[in-house]
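*Asks:* Now for the letters of each chain:
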Amino acid sequence: MSKPTDKPVYIEPNYTYGDATLHYIQQAAEHGLYEIRGLGAKRRVPTFDDLTFLTASASRYPLEGYREKCETKTVLGTRFAKKPIELGIPITIAGMSFGALTAQAKDALGRAAGELGTSTTTGDGGMTPEERRSSKTLVYQCLPSRYGFNPDDLRQADAIELVVGQGAKPGGGGMLLGQKISPRVAGMRTLPEGIDQRSACRHPDWTGSDDLAIKLSELRELTDWQLPVYVKIGATRVKNDVKLAVAAGADVVVVDGMQGGTAATQQVFIEHAGIPTLAALRQAVEALEEIDKVGEVQLIISGGIRSGADVAKALAMGADAVSIGQAAMMALGCNARHYHMNGRLVDATDDYAAIGTAPGYCHHCHTGLCPVGIATQTPELEKRLDVDWGARRVKNYLQTLTMELTTLARACGKSNVHNLEREDLAALTIEAAAMAKIPLAGTDWIPGHNGY
Amino acid sequence: METITDTDKTVRVDLDESSVRDLNQFLHHDLAASGVKHIEVLNPNGRHNIAVGVDAPVSVDIRGHAGYFIGGMNKQARITVHGNVGWSVGENIMSGSIRVKGNASECAGASGHGGLVVIEGDASSRCGISMKGCDIVVGGSVGHMSAFMAQLGTLVVCGDADAGLGDSLYEAVIYVRGTIKGLGADAREEPMGEEDYARVAALLDKAGFDHDPKAFKRVASARTLYHWNADHHQEY
Ligand SMILES: Cc1cc2nc3c(=O)[nH]c(=O)nc-3n(C[C@H](O)[C@H](O)[C@H](O)COP(=O)(O)O)c2cc1C
Ligand code: SF4
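Going down the list, the sequences are from chains U and C. Numbered per UniProt numbering, the first sequence spans residues 1 to 452. Numbered per UniProt numbering, the second sequence spans residues 1 to 236.
Hint data in this document are derived by calculation from the structure and do not stem from the laboratory. Check each hint, because a few of them may be wrong.
[What the hints assert, rightly or not] Think about it this way: if two alpha-carbon atoms lie no more than 27 angstroms apart in a straight line, the pair counts; the simulated DSS-like pairs of lysine-lysine are:
(1) Lys-69(U) / Lys-136(U)
(2) Lys-73(U) / Lys-83(U)
(3) Lys-83(U) / Lys-101(C)
(4) Lys-37(C) / Lys-101(C)
(5) Lys-214(C) / Lys-181(C)
(6) Lys-75(C) / Lys-82(U)
[Unchecked claim] Each pair of labels, with its calculated beta carbon distance range:
(7) Met-341(U) / Lys-181(C): 56 to 62 angstroms
(8) Gly-208(U) / Gly-140(C): 24 to 30 angstroms
(9) Gln-25(C) / Asn-240(U): 23 to 29 angstroms
(10) Ala-33(C) / Asp-210(U): 33 to 39 angstroms
(11) Thr-179(C) / Asp-210(U): 29 to 35 angstroms
(12) Asp-22(C) / Met-341(U): 33 to 39 angstroms
All values reported here derive from a predicted model rather than from experimental measurement. Ideal Cβ placement from N, Cα and C applies to all residues, glycine included.
Model the full structure from these sequences, guided by the hints.
*Replies:* This is the structure in structure tokens:
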């Protein structure tokens, strides 16, 4: 044993091989497989937090918060659909599959959305009767896997969303591990029970954008041109992809940024593919401007939308609506310490620990062992989500976002949230200024513009 | 539709005069009350999306060549194309039948959940891709990657199959009478049993082909891709 010395101890941190990197290397060495996980990108990227509002003062006239109305109504699908959808608020619930989530979780989301007059979306696993019943406005996804896809559900939908890609994995297909392929999920997806589902990343019946145009018109023909048709893309080459989606005949383009959530995707994909939502939104708006389709084709943005401020900034930058996945799950109780059962709160810390995580750090949707009963197909765990309680929380959450949104809009002098505009914003960082093409606060500088 | 003439419960729709949309809306809405049991579609001239989303026990004869997605998501109807078709004929078919007298381009019967698709001639690549319970019988040969990721149902090929047959198969089964240029990942040839002969015989009979079921080989999933495994590397 060496003798203790008075020499000061200095343990030098290693930025190249830090804790996270060491852990990653050791896991890779142990398993020989990439890590699969849920939720979205966790790395620091420029976000809506890097923007701020230039609310009214002497040069602009604010609206009175408690008296003057601020409209939130949002209409989607005005281009070709005979029946555009009309939402009470510009905040929609993103597509999350039954299979990834429980039928109860989808039911709670549907009820909450219905109370605020907004829509929910099916997912990579088909439409459940529960969600059709609980959701007043239901968007039906057409994905590469086509699990459970059928014309009867299509005709019962209020809008159709053709999914080309997702922000968490642009260019990747669906994944659902065996633990979640329960008999009901297997039946809906026509898969053997308990296998690890691998699904296609390309659609089975069309490839290029010319084919996509014919595919979209097939869906319209099938539904007699009644329903709005959305095209959802993962944010990579956003400008080109938005233009192609519009050229193919989309009524609505949904752009999902790199922070977008997932139920199960390779970690390398989640963190290393796609561009941040902030940059994606600016590119999408520019694309619509360049082809003169602003107002005719509606734009929905998603990927890391958390607060009313995020919604307001997205609308000011030119989105017509936003879509929310992870945050809606969190409102339901994802990553909370407790779940609610038989009228009381039950601590789930031990169950988080059992799957190697803790409340606040969980991204284990892929395991099917969700400690709070949201992302599971195990009957015992499913019981942990009290549907009434969950629906109430999601409703409260959406209501809070809406109040925050109208607060900011009124302060900017807008009687309609859709009147928020780019001029209402300033950027707090150079990166955000460059990506969002919003001047850096206190300057008129947008990096890359006007020659500098 | 002005161009429709009612004779013995047969109506004739000339697509040079009426639009595909008129035809489809008639099939979706007016057919049931009209008592019409047979529709003849003239001058399809490669148009897409003809007779998609039909949900009625009606016969539709398309006289000529047609484009993409013919009979898409069909339920109950018996659709016959007297010519060739483009991509994805009978995509997502649920029930009923679609018969193509000529050849079919790519992805015939893609993602079909039920019913029967018959291609009397050849079918191009990815025939039966992602199929989920329908039956497909091809009188001629099929192109590469046919029955890719096919989940359930039967693909019967009376001619040859090109490379990559049955790649990433789930529980669908393929029968081939001619030569197989190559199998895709996780697909394997298996011995034919009594059940297989019966299954092939029944489908050949339904499709109207007169071959000896004994001449067919069976291809099904080896099921080695059913679980994630570190040792797969990039072998497929
Ligand atoms: C649990 C979960 C399941 C999802 N399933 C689907 C799906 O089936 N289809 C799809 O297009 N997107 C799916 N997504 C992505 C969402 O639709 C949406 O694009 C994303 O969640 C938006 O980003 P956010 O989670 O940061 O709000 C899923 C996301 C989550 C969190
Ligand atoms: S708490 Fe449940 S829903 Fe949330 S990340 Fe963990 S497993 Fe997924």
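*Asks:* Decide, hint by hint, whether the structure agrees.
*Replies:* Results for each hint:
no.: 1; hint: Lys-69(U) / Lys-136(U); result: holds (25 angstroms)
no.: 2; hint: Lys-73(U) / Lys-83(U); result: holds (16 angstroms)
no.: 3; hint: Lys-83(U) / Lys-101(C); result: violated (38 angstroms)
no.: 4; hint: Lys-37(C) / Lys-101(C); result: holds (21 angstroms)
no.: 5; hint: Lys-214(C) / Lys-181(C); result: holds (20 angstroms)
no.: 6; hint: Lys-75(C) / Lys-82(U); result: holds (24 angstroms)
no.: 7; hint: Met-341(U) / Lys-181(C): 56 to 62 angstroms; result: holds (58 angstroms)
no.: 8; hint: Gly-208(U) / Gly-140(C): 24 to 30 angstroms; result: holds (26 angstroms)
no.: 9; hint: Gln-25(C) / Asn-240(U): 23 to 29 angstroms; result: violated (34 angstroms)
no.: 10; hint: Ala-33(C) / Asp-210(U): 33 to 39 angstroms; result: holds (37 angstroms)
no.: 11; hint: Thr-179(C) / Asp-210(U): 29 to 35 angstroms; result: holds (34 angstroms)
no.: 12; hint: Asp-22(C) / Met-341(U): 33 to 39 angstroms; result: violated (57 angstroms)
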